[in-house]
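Participant: From first to last, the protein sequence lines are chains A and B. The opening position of the first sequence corresponds to residue 49 in the numbering used here, with each subsequent residue numbered one higher. The opening position of the second sequence corresponds to residue 49 in the numbering used here, with each subsequent residue numbered one higher.
Do not take every clue at face value.
One copy or two, either will do: identical chains are not told apart, so a pair holds if it fits within one copy or between any two.
[To be verified] Computed cross-link-like contacts, EDC-like style, restricted to lysine to aspartate or glutamate with a CA-CA straight-line distance of at most 20 angstroms:
1) K184 <-> E450
2) K237 <-> E143
3) K289 <-> E461
4) K135 <-> D173
5) K456 <-> E441
6) K307 <-> D208
7) K183 <-> E431
8) K55 <-> E441
9) K135 <-> E431
10) K146 <-> E286
11) K265 <-> E461
12) K135 <-> E383
13) K55 <-> E278
14) K456 <-> D437
15) K422 <-> E411
16) K405 <-> D86
17) K55 <-> D173
18) K389 <-> D159
19) K161 <-> E89
Calculated directly from the structure, the hints in this document are not laboratory data.
Each chain is listed here by its residues.
Number of protein chains: 2
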Amino acid sequence: MKSKNTKGNAIVGQSGGPTAAINATLSGVIQGAIENGDIGEIYGMCNGIAGLLSKRIVNLRERFADSGELRLLENTPAAALGSCRVKLPNADTDENRKVYEQIFDIFTEKDIKYFFYIGGNDSMDTVKKLSSYAKKYKASSPVKIIGVPKTIDNDLSDTDHAPGYGSAAKYIASTVQEVSLDNAVYNQKSVLIVEIMGRDAGWLTAAAALPRLCGNKGRAADLLYLPETEFDSERFIEDIKNQLIKKPNIVVAVSEGIKYSDGTYVCEMKEKHETDIFGHLWLSGTANVLKQLLREKLNCKIRAVELNTPQRCAGHISSLCDITEAVMIGKKAVEAAAEGKSGVMMTFRRVQNQPYKIEIGCEDIANIANAIRKVPDIYITPEKNNVTDECLEYILPLIMGEPDIIYKNGLPEYFKL
Amino acid sequence: MKSKNTKGNAIVGQSGGPTAAINATLSGVIQGAIENGDIGEIYGMCNGIAGLLSKRIVNLRERFADSGELRLLENTPAAALGSCRVKLPNADTDENRKVYEQIFDIFTEKDIKYFFYIGGNDSMDTVKKLSSYAKKYKASSPVKIIGVPKTIDNDLSDTDHAPGYGSAAKYIASTVQEVSLDNAVYNQKSVLIVEIMGRDAGWLTAAAALPRLCGNKGRAADLLYLPETEFDSERFIEDIKNQLIKKPNIVVAVSEGIKYSDGTYVCEMKEKHETDIFGHLWLSGTANVLKQLLREKLNCKIRAVELNTPQRCAGHISSLCDITEAVMIGKKAVEAAAEGKSGVMMTFRRVQNQPYKIEIGCEDIANIANAIRKVPDIYITPEKNNVTDECLEYILPLIMGEPDIIYKNGLPEYFKL
């Protein structure tokens, strides 16, 4: 039997924006590494690659000796190890290569054989660069480099979806149901504009239409504007006027990233007729800008709600499907590394939708990093102001089920590192 | 046995801003009326007194023949009957008395003997005016007029607390825990400003400190600013600088209603040094104004989150204590009316705090309407930037317990009228 020291060690980090499921994936990696008899220590980088470079490293095998703690970690939002937004330089100069050498020196020093990086597009860029560097300059390095997807935006390519999206979508759909009820209590016409995250892809905004497919048509967003289609103020106003004829209280979901045809964001308020009225750019979110626009054109109650950061960290209403899959993909990442895979990102493939079934595999990181998977045309209605049922059928399985959240003193109990 | 027609009928309405518990009280009134053998029909006014005047009335006994529907109603946020914001005129002129005559004519026509009005301060003004009118001009009217409290603001006088507050407080405390985790993921100093409802009273903002009492000190708001104390920009900036020395990532809870010493709201941005920098009043919430103020003074990440309407309608994370009490007080309102009480608002009295125990009674509406119950000085720290443990001990029982929310297709199932 090999002594613990001769086994290779694993290290795992979290990177990019927090989600409700990134800790579930961390838990999956830890579980996978514990189950794998050939892995020695399991290290965690604090604040991702930034923490690795400053050797801020914690011993996760020791920290999670109690498996109840892993269970708590799974349902805890945000990034327990801390996150970072670091972009590695291109390894094309001696100067730039120093940081890579530093990383591989730490790998050697800590006897790292498995490197897991949980994150979105920017984080997969780190995985790609590290993998390329290893291939080119560190052919003898034993380190397997694996990316594990995470993003509420759901815009990672080559995977059916990404962990974190389902929980955010569930929060958004539930909240839209609730604010829609709230918006309809008075006997007067009203428009509620809900601003949802997603700078480049409208997957999150699309979730605001989910109540439609769940038998609550009247409580879904009535109109949706995604960053995938050009935003046109005049058409927007017409859409709303037409909708108000059908229904007195309407909910409009807008992505924070919607843009005019000239490429400027709506929240930049660059259109001529708005510049005179609005003040300073930095005060306004997209929903507030549109609220002002409508105030000039409609004689009814108009309110703007920005869902903001709660949509990405609402652990108390996370999706069981999302959390379960997030754990699974973390475990599978360890299996893939143990099988010798490297320079890949773990992926989901949807085998069938009813009943929903997925398979977990992996794809070459080179194809994935920095590609943005947008909502396809086929998922957007011809009028460009809603999503199709097909789109909602794609999203629905991802929000199913509720984890058993532990409440203590009236509040959800979350993990503390 | 009396025929159904000879029994007096009851009518119930909802008024003012929606909450997560106002439908639970409606359910309680319906249950109480069903259980009372002497009540004939149970009517609901659509959109409160406004709907009564236009005779938009529904038959609730028929609608809720299935008790499963009552159960669903209890956990459904917003106002199922619809709400209104109507202020009755003073009955001091013939012209003004017309609307009262109209209301009492409808009472006679519909054989109403019990009038229940669920709402906050403005709605209790309606109850007070109707009661006074009845006393003065309708001495022979058999109608018992009962106010039932409801307000997320918790600012109704003569009652320990009001239904709706506990659920909003639970949502706020849970969300603050989650955004606090989210705010702490990067290895850099940051300030998150969370804007909370409450124009005149800081009870909701105080709930942002609850995680402190629940064993999660690090995830409570670190600084709180209530409308009960004058806001001072300079002291605010100093508070934050001092707090950032103790802790790299801080959460600041501010009430939307905080004001400068001259009485102007912070969101009005009237202070001289701000007028030059800020644009138009209507774009900015309090948190955004303070974000800009801090940006000028601090060199760190600053983010503003406005909890907005979700805080008053988040049925999915309502408080079991709140919902249970909301039902109870509705039932007790029927008992009080049946005992001959009129011109009163139902109230809670806290008999003891550990274990928490309340009694339900009623108080003369004349003392209650239009009085605002603020957070007392003793609940605010001497530095005026936090609340005391005593304050949190008062709030804590009100957020305890989680109702068994039914999920269907991944979303909370709510009642449909």
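Participant: For K183 vs E431, is the C-alpha pair at or below 20 angstroms within one copy, between two copies, both, or neither?
Facilitator: neither (48 angstroms within a copy, 59 angstroms between copies)
Participant: Quick one: K55 to E441, C-alpha cut-off 20 angstroms, is that within a copy, between copies, both, or neither?
Facilitator: neither (45 angstroms within a copy, 52 angstroms between copies)
Participant: Given a CA cutoff of 20 angstroms, do K422 and E411 count as a within-copy pair, a between-copy pair, both, or neither?
Facilitator: within (19 angstroms within a copy, 59 angstroms between copies)
Participant: With identical chains treated as interchangeable, where does the CA-CA distance between K456 and E441 reach 20 angstroms or less: within a copy, between copies, both, or neither?
Facilitator: So K456 and E441 pass the 20 angstroms test across copies only (15 angstroms; inside, 36 angstroms).
Participant: Could you figure out if K135 and D173 sit no more than 20 angstroms apart (CA to CA) within one copy, between two copies, both or neither?
Facilitator: This pair counts as within: shortest intra-copy Cα distance 8 angstroms, inter-copy 60 angstroms.
Participant: Go through the copies and call it for K161 and E89: within, between, both or neither, with a Cα cutoff of 20 angstroms.
Facilitator: within (10 angstroms within a copy, 75 angstroms between copies)
Participant: As a check of your reading, is K55 near D173 (CA-CA no more than 20 angstroms) within one copy, between copies, both or neither?
Facilitator: neither (28 angstroms within a copy, 75 angstroms between copies)
Participant: Up to 20 angstroms between alpha-carbons, please classify K135 paired with E383: within, between, both or neither.
Facilitator: Cα proximity of K135 and E383: none, with 27 angstroms in one copy and 67 angstroms across.
Participant: Taking 20 angstroms as the upper bound on the Cα-Cα distance, should K237 and E143 be classified as within, between, both, or neither?
Facilitator: Classified as neither; 63 angstroms inside a copy, 29 angstroms across copies.
Participant: For K265 and E461, with the copy left unspecified, which applies at a CA distance of at most 20 angstroms: within, between, both, or neither?
Facilitator: For K265 and E461, only the inter-copy Cα distance (13 angstroms) is at most 20 angstroms; the intra-copy one is 34 angstroms.
Participant: Pop the pair K135 and E431 into one bin, within, between, both or neither, using alpha-carbon distances up to 20 angstroms.
Facilitator: Answer is neither: 39 angstroms inside a copy and 43 angstroms across each miss the 20 angstroms cutoff.
Participant: Regarding K184 and E450, is the shortest C-alpha distance of 20 angstroms or less found within a copy, between copies, in both, or in neither?
Facilitator: Neither: 45 angstroms inside a copy, 56 angstroms across copies.
Hints 1, 2, 3, 6, 7, 8, 9, 10, 12, 13, 16, 17 from the earlier list are contradicted by this structure; the remaining hints agree with it.
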